[in-house]
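Throw the hints in and build the complete structure from the sequences for me.
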Amino acid sequence: MSAPAKPSALFYNATTRLLMRVLRSLAVLRESKIAIAGCTLVVFWIAVALLAPLIAPFPPNAQIQPFAVPLAAAPDGGIFLLGTDQLGRDILSRVMWGARTVLFFAPLATASAYIVGIVMGLAAGYFGGWADDVLSRVSDIILSFPVLVLYILIIVTIGASGINIIIAVTFASAPGVMRIVRSLVLDLRTRNYVAAAQTRGESPWYIMLVEILPNARGPLIVDSCLRIGYVIITIGVLGFLGLGLPPPDPDWGGMINESRALALAFPHMTIIPCIAISSLVLGFNLLADGIREVSLHD
Amino acid sequence: MLIFTVKRLSLMILTMLIVSLLLFVLLELQPGNVATKVLGPYSSEEQRTLWLEANGYLEPVWTRYLSWLSGILTGDFGDSIRFKVPVADVLWPRLWNTAILGFWTFAILVPLSLTLGVLAGMREGSALDRAISITSIITTSVPEFASAVFLSAIFVFALGVLPGTSGMTDGFDPLQLFLPVMVLILYDVGYVTRMTRASMAEVMTTPYIRTAVLKGLPFSRVVFRHALRNALIAPFTVIMLQVNWLLSGVIVVEFFFAYKGFGGLILEASLNQDIYLIEACTMVAVFVAVSTQTLADIGYTYLNPRIRLA
Chain E
1 MSAPAKPSAL FYNATTRLLM RVLRSLAVLR ESKIAIAGCT LVVFWIAVAL
51 LAPLIAPFPP NAQIQPFAVP LAAAPDGGIF LLGTDQLGRD ILSRVMWGAR
101 TVLFFAPLAT ASAYIVGIVM GLAAGYFGGW ADDVLSRVSD IILSFPVLVL
151 YILIIVTIGA SGINIIIAVT FASAPGVMRI VRSLVLDLRT RNYVAAAQTR
201 GESPWYIMLV EILPNARGPL IVDSCLRIGY VIITIGVLGF LGLGLPPPDP
251 DWGGMINESR ALALAFPHMT IIPCIAISSL VLGFNLLADG IREVSLHD
Chain U
299 MLIFTVKRLS LMILTMLIVS LLLFVLLELQ PGNVATKVLG PYSSEEQRTL
349 WLEANGYLEP VWTRYLSWLS GILTGDFGDS IRFKVPVADV LWPRLWNTAI
399 LGFWTFAILV PLSLTLGVLA GMREGSALDR AISITSIITT SVPEFASAVF
449 LSAIFVFALG VLPGTSGMTD GFDPLQLFLP VMVLILYDVG YVTRMTRASM
499 AEVMTTPYIR TAVLKGLPFS RVVFRHALRN ALIAPFTVIM LQVNWLLSGV
549 IVVEFFFAYK GFGGLILEAS LNQDIYLIEA CTMVAVFVAV STQTLADIGY
599 TYLNPRIRLA
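Which chain is which? The protein sequence lines are E and U, in order. Under my numbering, the first residue of the first sequence carries the number 1, and numbering increases by one thereafter. Under my numbering, the first residue of the second sequence carries the number 299, and numbering increases by one thereafter.
Source of the hints: derived by calculation from the structure; they are not laboratory data. Heads up, the beta-carbon is just placed ideally off N, CA and C, and yes, glycines get one too.
Computed list of lysine to any residue pairs in SDA-like fashion (alpha-carbon distance at most 25 angstroms, straight line):
#1 K382(U) - T157(E)
#2 K558(U) - G242(E)
#3 K305(U) - V138(E)
#4 K558(U) - L264(E)
#5 K33(E) - Y489(U)
#6 K305(U) - I142(E)
#7 K335(U) - A160(E)
#8 K335(U) - G159(E)
#9 K33(E) - G218(E)
Derived CB-CB ranges, DEER-like:
#10 V359(U) - A47(E): 50 to 60 angstroms
#11 I452(U) - E293(E): 25 to 35 angstroms
#12 N570(U) - D133(E): 36 to 46 angstroms
#13 Q345(U) - S279(E): 46 to 56 angstroms
Structure below.
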C-alpha cells in the first residue's frame, strides 16, 4: 500500500498542472501575429513595472534639474534619457514607476468589476424571473449614464484616491460584464451537463460557478483584455482631468495634465507619457483581437 | 410596432425618473450640505438655517423632491453658484456649442466609418481588410487626451497651421473646430468601422449573396443592391449609441482645447461643487443618452422587417 501523497505535493502538482495549461494556451497564440505583437507590448510594460526599482536611473520623485531636454547630462554624471519635467524629475524614471501604478490599479479594478459583474450575471441568467428583472434594470440605469459623467460624479462625491478609483470602475463596469455573462448563461444553462448537475442535486451556486462559468470563459477572456485597456484609459483620463491619484507619485494621466501648460516649449514632457499609455492600451487591444482570431480557428 | 414604441418610451421616462431620484438622494438629501455648498464653507449656522427656511428646505423630503422635479421639467434649474446666474442661462448656450461639435463629428464620422467598414467587410481577409482592421485597433487604443497631444504636436507646434486652443474668444472661428473634431473622430472611427465590418462580413457569407455572385452579377451590384441594405442595420444602432460615448469624449476634448461647451461645463460644475449646475447637466446628459438609445431601439426594430412584421 502506497503512502498517501503529502498535501504540499498535491498542491505542487495542481500548481504545475495549472501553469502548464496556461503556458500551453499561450503557445497557441503563436498562430496570430497580432497576438504576438500585443503580448510583446503587454509583457514589456509588465517587465518595466516589475523592474522599475532596479532599472529606473533616478528616484521618481527626486527634483534634480528642471526643464532638461532629452539626452541632457545630469549633474551627477548620468544622462536624462527622456529629459526632466517642470519640477526637475527624470521623466524616464517617472514613466517606469508610472507603469507600476497603472498596472497595479487597472487589473485590480478590472478584477473587482469582473467579480461583481460575474456574480450579478450568473444570478440574473440562471435564476431568471425577478432577480433578472431587478439586476437588468439596475444595469440599464447605470449604463444609461455617459460613462465619464458617472466617473466624475462618483469621484467628486467620494474623493480621489486609489481605492475610490477601484470602487468607481467597479460600479461603472460591472453592469457591462453582467450583460455579457447573463447572455452566455442564458445559452449555457440549457446544456445537458447542467441538467445532469441539477439531477445530482448540486446547489445553484455550485452549478453556476463550477459547471457554467468555466464554459463561458472564452468570450470573457477577450472582453477582459479589452476592458483592462479601457480601464487604463479611464485611469489616465481621471488623472488628466485632475481627479486621479493624488500627487506626487507618478501616474501617466497626471503627468500629462501637469506638463500640458508647458507643452508649447517642452513637448517631450507631455508626449512621452501619452506614448506610454497608448502603447500599453494598444497591447491589450491587440492581444484581445489575437485571442479572438485564434479562438475562431479552432 | 406601436405597442413596442409606447413600451420603450415609458421605459425611458421611468429611467429618467429613477436617475432624477438617485441624483436628488445623492446631492440634496441632506439640506445642511446644500446650504454649505450654496453659502460657502465660512457661512454661519444661523445664515444656513435662514437660507434653508427661505428656500423651502425644511419641508418633508417628498414635497421637496416633487417641487425639485417640477422645477427641472419646466426648465427652472435654480441658480448656478459659480456663475451667479440662472443655470439655464449657461446651460443652453454651452449645449448648443457642443451640438455644433457633435454635428461635425458625426457628419464626418458616419460616412468615413461606414465606407471603411464596408470596404473591409466585403472581402474578408483581403490586404485592404487587414490594413483597415489593424489601423482601427491602433486609433481606438489612443485615448482622446493622447491623440489631442499628438495632433497638437503635429498641427500646432510642428506645422503651425491650426490654433492650439478653441476658446472662441474672438467670436466663432471654424479653424478652432478642426482639432477637437479630429480628436473625437479619431477615437471613435475605429470602433464604428469594426462594427460595420463585422456586419458586412456576416452578410457576405449568407446564401443569398452567394446566389447573387454565382448567377453572375457584377460584384459592385451585389454589394450595393444586395448586401448593403442588410449590412447597414446593425451599424445604425452602433452609431446612435456613439452619442453616449461622445458625451464622455467631449468632456476630455473640451477641457483640453478650452472649448466652451457642455462637457467642459459639467466638469467645471463638478469640480466646483456647483450643485444645481451638476444636477441640470447630469439630467440633460442622461436625457440625451437615454433618448438616443430609445431612438436606436425603435429605429432598429423599424429597419429590420423580420422584427417589424413578426
